[in-house]
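Chains as they are written, first to last, in the numbering used here: chain Y, 243 to 495; chain U, 524 to 852; chain E, 319 to 986.
I should point out that these hints are in silico values taken from the structure, not numbers from a laboratory. Careful, some of the hints might be misleading.
[Unchecked claim] Straight-line C-alpha distance at most 25 Å; calculated DSS-like pairs for lysine-lysine: (1) Y:K484 / U:K755; (2) U:K789 / Y:K490; (3) Y:K490 / U:K640; (4) U:K828 / Y:K484; (5) U:K850 / U:K730; (6) Y:K490 / U:K787; (7) U:K850 / Y:K490; (8) Y:K394 / U:K640; (9) Y:K396 / Y:K348; (10) Y:K490 / U:K755; (11) Y:K484 / U:K850; (12) E:K976 / E:K774; (13) U:K845 / Y:K490; (14) U:K657 / Y:K267.
[As the list claims (entries may be wrong)] A short, non-exhaustive set of chain U residues, derived as facing chain Y with CB atoms under 8 Å: (15) E612; (16) I614; (17) S628; (18) V646; (19) G656; (20) S660; (21) M668; (22) F824; (23) L838.
C-beta: ideal position from N, C-alpha, C; glycine also.
For reference, the chains in residue letters:
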Amino acid sequence: MNIIILVKLVPDLVEELAIDSSGNKLDTAWLRMIINEFDDHAIEQGILLKERHGAVVTVVAPDLEGVDDVLFTAAAKGADKLIKIKGDFAGTNNHAMARAFSAIVKELQPDLVLTGVQANNDLDGSLGPLMAGCLEMPYVGYISGVTLGDGKSKIRKEYPGGLIAEMDVSLPAVLGIQAAEQPPRYVAVSKVRQMMKTSTIEERTAPDLDMAGGPTISRMFQPEAAQHATMITGNPEEVATKLVAIFKELGVL
Amino acid sequence: MNQDIYVVIEHLRGQVAEISYVMLAGGRELAKGFGGSVAAVLLGNKAQGLAANPSPTSGKYLAADKVLYMDHPALSDFTSDAYQKALAELIARDQPRAVIFGSTSIGTDLASTLSIKLNLPMVSSCSSFSADGKFTSQICGGKIMAEGELPGPTALITMVPGGYKTEQGQNSRAPALTQVEISSVEPVRVTLAGYIEPESGDVDIAKEKVLVSVGRGIQNQDNIVLAEELAKALGGVVSGSRPVIDQGWLSTSRLVGKSGKSVKPKIYLALGISGAPEHAEGITTSDTIIAINTDPAAPIFGIAKYGSEIDLFDLIEILTEKVKQSKGG
Amino acid sequence: MITYDVIKSILVLLALLVAGGIFLWRVYQLLWVNLRLGRPSGPFKQWGERIKGVVVYVAGQFRLFRVLIPGTGHFFIFWGFLILSLTILQAIVEGLVSFANPYFLIPLIGSFGPLALLQDLFAVLVMVAVIYALVVRLIVNPKRYLGSHKSQGVMVLMFIFTIMFSLLVMNGLRINLGQDPLHIWRPISTVVGRIFSGVVAGTQEVIIEIAYWIHLCVVLIFLTELPEGKHFHVVTSVPAVLLRNLEPHGKLPATPDLNGQIGVSTIEQFRWRQMFDFYTCTECGRCQDVCPAYASGLPLSPKLLMMELRDNLKERGAALKTHSLTGTSQVAQKPTLVGDVISESVLWSCTTCFACDQECPLFIEHISPIVDMRRFLVIEGRVGTELQDALANLGRYGNSFGQSERMRARWTQPIQPPIKDARREPVEYLWFLGDYASYSPALTDITVKTAEVFRKVGLDFGILYDSERNAGNDIRRVGEEGLFEMLLEKNSAALSKCTYQAIVTTDPHTYNTLKNEYPENGICHHPVLHYTELLDQLITAGKIKFSKKLGYKVTYHDPCYLGRYNGVYDAPRRVIEATGCELIEMPRHKDESFCCGAGGGRIWMAEGEIQERPSESRIREAVKLEKVTTFIVACPKDVTMFRDAVKTTGNETRIEVKDLIELVHAAL
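Using the sequences and the hints given, assemble the complete structure.
This is the structure in C-alpha cells:
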C-alpha cells in the first residue's frame, strides 16, 4: 500500500500581512511560510493508516523556506520517504503545482493520495482536486475518516450541520482531508533533530511551472470593513454595565 | 458557445442548500454584464421537484431564467465522480461563459477537477462580482481580498457566501425546466454507502435566542464553564467556533459556521472569536452580534454591531454578576 | 556438659547466623543486585561538604526539626538507637560466650559507668518518644501519613518499645540479684528491678533469661525486617546524605544518552543514585504536606511516588533475576512503569516548586525522577493538547502566547527615548524580560514601570528586542530537552553579539535557567541578577533615594525559583523595607513559601480535577493577616495567578496584588 501525502506551505496568518509594491501580490518580506494546517491533518491520517495497514508513506512538498523542517517533522512522525520538489514556487498557483507534482507522483504509483482539503492562499481551486484531474483519479474532499479495504477505501465526508456521508471510493484516489481521525500528534524537537541526521530528503526537479488555468489578479488589498462595530470602552465594570443596558434595550433582559 | 451563466445547484437529502441562492444572485450580477441568461443546473434522480416546487422554508423558487435538469440514478445523492462526469459532458457541449459552484463540500469536489479535465480556467473563493465581469475573492482567512477580470472562454468559479443575500437569489415563480441528456457517467468510482446523522445535541442552537459563543480565546476546556454561567444567566446556551469543537471542548451540535450550523439569535455574543469567514458564514443572520476580542484587527469587528477590546476573562464574571443582579432586582 | 549456658550460646549463634544471613541477603538484593541495574551516577566530589552534611543532617537531625515535636521525638529515637546499639552488641556477645562466661562484659563499652547511665536514660527517653509516636499514628493520625504503611511503623515502634523494656527488666533484675557491677549507674533499671523485688530469686533468674530472649529475638526479627519497606532508611540514610546532590538546586541533570532513548520508561533506566533515593523514603509524608499539587486535590504525592518507585524496583529486580542482565530490555514490563504504575496525570501534576526536595530530611530528590519520566512522555508524544499547543508555539514563535516574535517588544513603543537595543550598542545591564512580561497585556503596565524605575535610578540597560526567546526553564521541566536546546541556541546567538556586564531579569524562571543551566552550555558567564538583587545592591550602595515612605502593610510571597531554588530571600525584603512598607510574614514564608501553581509548565496545561487552586489557598493565607492589604510578588506569573485568585476567592476589596517593582516605582 503506497500512500503519498502532498504538502503545501502557506502564509502564517499570525504575522501581519501586507501587499507588495506591485499591488497584486503579497509582500514576502515579513511573510513566514508554515505547513498548511489541513496538510498536517493529512500527514496524521496517512501515518494512522500506515500504523493500521502497514503502508509506505511518502511526503511531497515544494521547495519553499521552511520545507526541510516540515519534511523532517513528518519523518519523525513516521513518514518513510521525503521528496522535495525544486522549482520557483514562490509566486506560483495551484494549477502549476498540481502539474509539476503529478509527473513525479505518477512515477511513485500511489494507491492513495492525501492532501489537505484547502489552503488559506487558494485562489484557483485546491491542490487535491486539481491533482485528481491531472492523475485522472477520483476525488472526494472534506474527509474526516478513512478506512482501507481491497482496492477501495471507505471514507467519511463532512457536510454542514454535522451531517456525515459514508462513501466507497475505488483506489487509486485522491482524498482531501478536513480533519484526521485524531489531532496531529506531538513530535519532540529532539526526534526531529535526530531525523535531520538520519533521514534524507530526495530532491526532484519540476518541469517548468505552467500557471495556465489560474486567474490573473489585478489588485490585492486589505478589506476596509464596510462597517465597524461600535466599540465599548472602559474598565470591566463599565463595559459590563453598558452591555447589560444593551441587553435590556434588545429585550433579552 | 454562449454567454450564459450556469449555476450548479446544491441540494442534500431533498433540500436546496442556501448557497445555491447566493450563487444565483451572483450569477444574475454577471449575466447583466455578459448579456446571457442564468441557468440553474440541477442534477439528481427524479428531483425535478426541487426546482418546480417552492422551498418549504421560504416558499420561494430558484431565481434562474431556466433550469437544466440532468436525471440519472447515479445522481440521486451527491457523489463527486458521477456528478463531475455529467457536468463535464454538459459544460463541454454548451460552453457557457461561466459555471458557478459553491465553495462547499459539494462544489469543491467538482470545480478544480473539471478545470483540469476540460482545460478551463478557474477562480475560487469569490464573494461577489461586478456587472463588468470582475470578481472579488477572499483569501488568508478573509484578511486579503483579490480582484481580477473573469477569465475566459468559460470561467469555473467557486463562491463563498457573504456578498449577496439569500433573497437576491429567490424568485416567486418557478423557472422553466428542460431535461438534458446524459450519455454516460460510467465507471462510477465513488458510491454512497449511507448517511450518519449529526449528534442530536441536547439543544438546537439554530433555535436559540441568545448564544454565548466561544472561540480560541477561551483557551481551555475548564474556562467553558464561565461561558455556561453567563449563558444561563441570559437564558441562552453556549456555542462555539471550529477550534473549540475540534478540541472536543464542546460537542459538534454546538458548532457555528460553515461546517456547523447557521444561527439566527437575537443576540450573538462572540467571546474570543476572530470572525474568520468559515465562522462568519454561520452568524450573519443574527440580529445583533456583540464581539469581545483583544485583537482590534479581528475580522469579527467588521460584522459585529457592538464590540470591545477588553479581555474576555476580565469581563465575563462581572458581566454574569450584573446580568443576574438586573434580573433579580 | 550440655548446660543451659551452652545451649544458649549455640542458639544465639544460630539465631545470629540466620537473622544475619537473611538481613545480609536482603541487603545484597536491594543494594547490589537491583542497584547494578541502574545507570551510572557521580562523580562525587566536595567530600568536606558531604561529611559536614552527615554531621549536621544525620547526627544533628537538622531537617527533622522543621516539624518540631515529632522531629524532637525522632532525635531521641535516633540517638537512643545509636547509644543503645552498644547494649545490643553486649547482649549478643554475652550470649555467644555464655558457655564460657555467662556474665561476660565487653571491655570498655560494657564496663564504662557514664555510658551505662546514658544508656539507662536514653532507654526511657526512647520509650517516651515511642509512646508519643504511637499516639500520633494511632490517635492523631495526621494527613501526612495518608498512604504510608502505618502498620509497619506501628510494628517497629512496638519492637523498639519491647527491646527497651526487656533491656530495663533484664538490667533491673540483675541489679536485684547483685550481678551488675555498674548498678549505681543505672537508676532507671534499678527502679524497674524494684517492681520484681518481691519475686523469688530463682524466678527472677528465669525472668532475666526470658527478658534476654525476648530482647534478642525482637532485635533479630527487627534486623531481618529492616531491609523491607521504609525502615531500610536506617541503613541508607548516611550514604544518602553523604552522596546527596551538591549541584545548584536549579540545575537539572542533563539527559544522558541512553542509546537514543531520552527519558525513563522502565525502572532500570534510572541512575543507581536515584534508586537509592527510592529506598531511603521513610514515608514520613513531610513532602506530601507541603506539595501544592497534593493540596489542591491532584493525584500527585511525592511520598507515594517514591514508594511506588521503590516497590517497582524491587519487583523488577526480582523479575529480572531470572533472566540474564543483558536481556533486561526484552523482559516485558506489564504493567508499565510510566502509564500504569505511575499514571501520566500524576507526572503532569508537578509544579516543580522544590518544596518536597527542600522538606525531605534525607535529601531525596523527587523532581528529578518526575522530569526523567516526563522526558519519556514527550518523546512518545504523550502530551495533552494544551501543552502541545504551547510547545508548538514555543517552537515556532519562541513564546508560549503564539504571537509573532516581532510583537515581543511592542510594549516599548510609547517609551521615549527608546530603550537601548543591546544588539546594537554595548550596555552595562542586559535586561532579559521573559515571555509574560513582554506579551501579556495585563502585565505591560508593570513592565513599563520597571523600565521607568531602571531609568530613574540611572541604570545603563538595554534589551534584545525581538531576538529574545523564551529562556526555556519550564520547557526543561516539562521534559522537552530538544526544544530547550533549540531556544538556547537562538538566545545564545543573540547574546553572543552583545556587549554587557551583567544580565538582569524580572522573571525568576528565566533567572534560574540563565544562572544555573546556561553556563554549562557555554553561554551566560556574566553575573545574572534578579531585579530585586540589583535594586538591593543599588540601595545598599546608596545609589537609590526614595522620595516617599509608602507605609503600606504588605506581605511578601517568595517565588519558588527565586527563593527555594536560588536562596534569594533577603534582598527583596530589604527593598520592601527601603520603600517604607511594613512587612508582615505569612506563616508559610521563605523556604516554606507555597507555590502559586504555575510552574513546571502547568500554566500551559489544563487545570485538571482541582479542589482548591494553590493560588487561592495562598491568598486565603494572606487574608488571615488582618492588617495586610497588599500582596507583593516578584514574578510575572505570580502576578497573573494571584490576581485571578483574588477574584475567584472574592477578595477584590480586601487585598491587592502588586509586583515589588510597583512599590519601588511609587516610592521613587
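Going through the hints against the structure:
no.: 1; hint: Y:K484 / U:K755; result: holds (19 Å)
no.: 2; hint: U:K789 / Y:K490; result: holds (12 Å)
no.: 3; hint: Y:K490 / U:K640; result: violated (58 Å)
no.: 4; hint: U:K828 / Y:K484; result: holds (14 Å)
no.: 5; hint: U:K850 / U:K730; result: holds (23 Å)
no.: 6; hint: Y:K490 / U:K787; result: holds (19 Å)
no.: 7; hint: U:K850 / Y:K490; result: holds (10 Å)
no.: 8; hint: Y:K394 / U:K640; result: holds (23 Å)
no.: 9; hint: Y:K396 / Y:K348; result: holds (23 Å)
no.: 10; hint: Y:K490 / U:K755; result: holds (16 Å)
no.: 11; hint: Y:K484 / U:K850; result: holds (15 Å)
no.: 12; hint: E:K976 / E:K774; result: holds (20 Å)
no.: 13; hint: U:K845 / Y:K490; result: holds (12 Å)
no.: 14; hint: U:K657 / Y:K267; result: holds (17 Å)
no.: 15; hint: E612; result: violated (16 Å)
no.: 16; hint: I614; result: violated (13 Å)
no.: 17; hint: S628; result: holds (4 Å)
no.: 18; hint: V646; result: holds (4 Å)
no.: 19; hint: G656; result: violated (12 Å)
no.: 20; hint: S660; result: holds (6 Å)
no.: 21; hint: M668; result: holds (5 Å)
no.: 22; hint: F824; result: holds (5 Å)
no.: 23; hint: L838; result: holds (5 Å)
In summary, the numbered hints that this structure violates are 3, 15, 16, 19.
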